[in-house]
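So the protein lines, in turn, are chains C and E. For the record, in the first sequence the residue sitting at position 361 is 361 according to full-length UniProt numbering, with numbers rising by one throughout. For the record, in the second sequence the residue sitting at position 43 is 43 according to full-length UniProt numbering, with numbers rising by one throughout.
Bear in mind the hints are in silico, worked out from the structure with no lab data behind them.
Pairs of lysine-lysine, DSS-like flavour, derived with a Cα cap of 27 Å:
1. E:K58 x C:K320
2. E:K42 x E:K20
3. C:K93 x C:K163
4. E:K66 x C:K320
5. E:K42 x E:K13
6. E:K28 x E:K13
As a plain string of letters, each chain reads:
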Amino acid sequence: MADLRINLAGIKSPNPFWLASAPPTNSGYQVQRAFEAGWGGAVWKTLGDPILNVTSRFAAISFNGQRVAGFNNIELITDRPLDVNLKEIYETKKKYPNHAIVASLMVEPKQEKWHEIVKRVEDVGVDGLELNFGCPHGMAERGMGSASGQVPELVEKQTYWVKEAAKTPVIVKLTPNITDITATAEAAAKGGADAISMINTINSLMGVDLDTWNTIPHVAGKGAHGGYCGPAVKPIALNMVAECARHPNVNIPISGIGGVSNWQDAVEFMLMGATGVQVCTAAMHHGFRIVEDMIEGLNNYLDSKGISAVTDIIGKSLPKYSDWGDLDLNYNIVARINTDVCINCNKCHIACEDTSHQCIEMLTDISGKSYLKVREEDCVGCNLCSIVCPVDGAIDMIETPRELPPMTWNERQSVINAATQCKADITK
Amino acid sequence: MSEYQQFLSERDKIDFYIQKGYRIHQVKEHLNGATVEFIHPKGNVSETLLIGNANARKYFSSLLMKQKQAGK
Numbered sequence: 001m002a003d004l005r006i007n008l009a010g011i012k013s014p015n016p017f018w019l020a021s022a023p024p025t026n027s028g029y030q031v032q033r034a035f036e037a038g039w040g041g042a043v044w045k046t047l048g049d050p051i052l053n054v055t056s057r058f059a060a061i062s063f064n065g066q067r068v069a070g071f072n073n074i075e076l077i078t079d080r081p082l083d084v085n086l087k088e089i090y091e092t093k094k095k096y097p098n099h100a101i102v103a104s105l106m107v108e109p110k111q112e113k114w115h116e117i118v119k120r121v122e123d124v125g126v127d128g129l130e131l132n133f134g135c136p137h138g139m140a141e142r143g144m145g146s147a148s149g150q151v152p153e154l155v156e157k158q159t160y161w162v163k164e165a166a167k168t169p170v171i172v173k174l175t176p177n178i179t180d181i182t183a184t185a186e187a188a189a190k191g192g193a194d195a196i197s198m199i200n201t202i203n204s205l206m207g208v209d210l211d212t213w214n215t216i217p218h219v220a221g222k223g224a225h226g227g228y229c230g231p232a233v234k235p236i237a238l239n240m241v242a243e244c245a246r247h248p249n250v251n252i253p254i255s256g257i258g259g260v261s262n263w264q265d266a267v268e269f270m271l272m273g274a275t276g277v278q279v280c281t282a283a284m285h286h287g288f289r290i291v292e293d294m295i296e297g298l299n300n301y302l303d304s305k306g307i308s309a310v311t312d313i314i315g316k317s318l319p320k321y322s323d324w325g326d327l328d329l330n331y332n333i334v335a336r337i338n339t340d341v342c343i344n345c346n347k348c349h350i351a352c353e354d355t356s357h358q359c360i361e362m363l364t365d366i367s368g369k370s371y372l373k374v375r376e377e378d379c380v381g382c383n384l385c386s387i388v389c390p391v392d393g394a395i396d397m398i399e400t401p402r403e404l405p406p407m408t409w410n411e412r413q414s415v416i417n418a419a420t421q422c423k424a425d426i427t428k
Numbered sequence: 001m002s003e004y005q006q007f008l009s010e011r012d013k014i015d016f017y018i019q020k021g022y023r024i025h026q027v028k029e030h031l032n033g034a035t036v037e038f039i040h041p042k043g044n045v046s047e048t049l050l051i052g053n054a055n056a057r058k059y060f061s062s063l064l065m066k067q068k069q070a071g072k
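Excised from the complex, chain C in its bound form:
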């Protein structure tokens, strides 16, 4: 049994699976049930001046039979009085002292507002604070959430104010609704944040009803943009985590959020630099007990790799993540179709012929049986055929023997620029 405990900037939990600040962590009843199910930590639904919500609040995209491939909400922060939440946090922490309880906070960007809420929340024994600079709807229109989180100076300033008052570790939760998330991550670090978490939800409109022409969701015939999350956003979140993890000026622990649905997703986030993960949509879709499979799967994975502690995998894939200019231009792969597995559906041929490099030929053997064959010399190794192929194992992408030494774009431009400027060494 591997050691699944993590320590995120001083916040300890029995495993890396936390519930994110969201509807699943709205109350003590829910968080206590989550801890009973096995969650290692919970970030309490954002505390601040209690708001008023609308109905309806959620919408989801189903794609080709997968329910909740993407999820959207227009719910705001807590609508319950602060004292009620604080009482439940106190009771929950008392009952589950070894689990992490982090309070998500959002107030107006004023020093005294932050000082007040930090003091009141820390008095009930939270393990840490998470500053919600990411919520993209409703609160942003009031100058909070992502409206704050999109301005690096405001992120730095507010983090600094919180750190003036805080005794527990401070996590800054970042919005993905920004061109370069490392700018706000760096600002958080400059402000003194102990950790960052990402991503909050992405601005979204889930759809339009073709009969009524109402937006989805709508409130009495009117809609507003919401926050998008769930499995569909995982690649966006994973990139943002990795970009922050490898940024030299960020250099603080990361809590990974965004479409984490199973233990495999968690491992990917941790390999890319996250110390732990936060989950919301998967829990809303399947219930708290999904954490059982997450814990078991993670443990089995670590055992199979001979890794004794989950913390040993943090950031292990980061050296493999770089900029495009550092990729080897002379590395080549080609598609190879396994005719004994191929069902001749021709999807690869159509995809290649219509939208890629026209290198999959439809041939007929001497018995009159049709088959598909890749003209390897024209294959650019784009992967499209293997992506659209409906049969596992029918198409392999094969490395071809190296004909030229490794050469990156950056290396190439360096020698070409030198040749252009100095006219090389030929004249010497």
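Dock chain E against chain C, hints included.
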């Protein structure tokens, strides 16, 4: 002509000069690919090739890198 045939054609032209002792002297990149200027060390004779194929542009770039490394 397929992309591969175009590559072979342009690579052969590059190899022709390299095998005759020419060295890559200058590369000008533009919208149609790259114009590569070769110079023979003896006699200062120069030749140019327009290389449009992507793999051929990788090819002469690799030769240029090799040439630079050998010149160190």
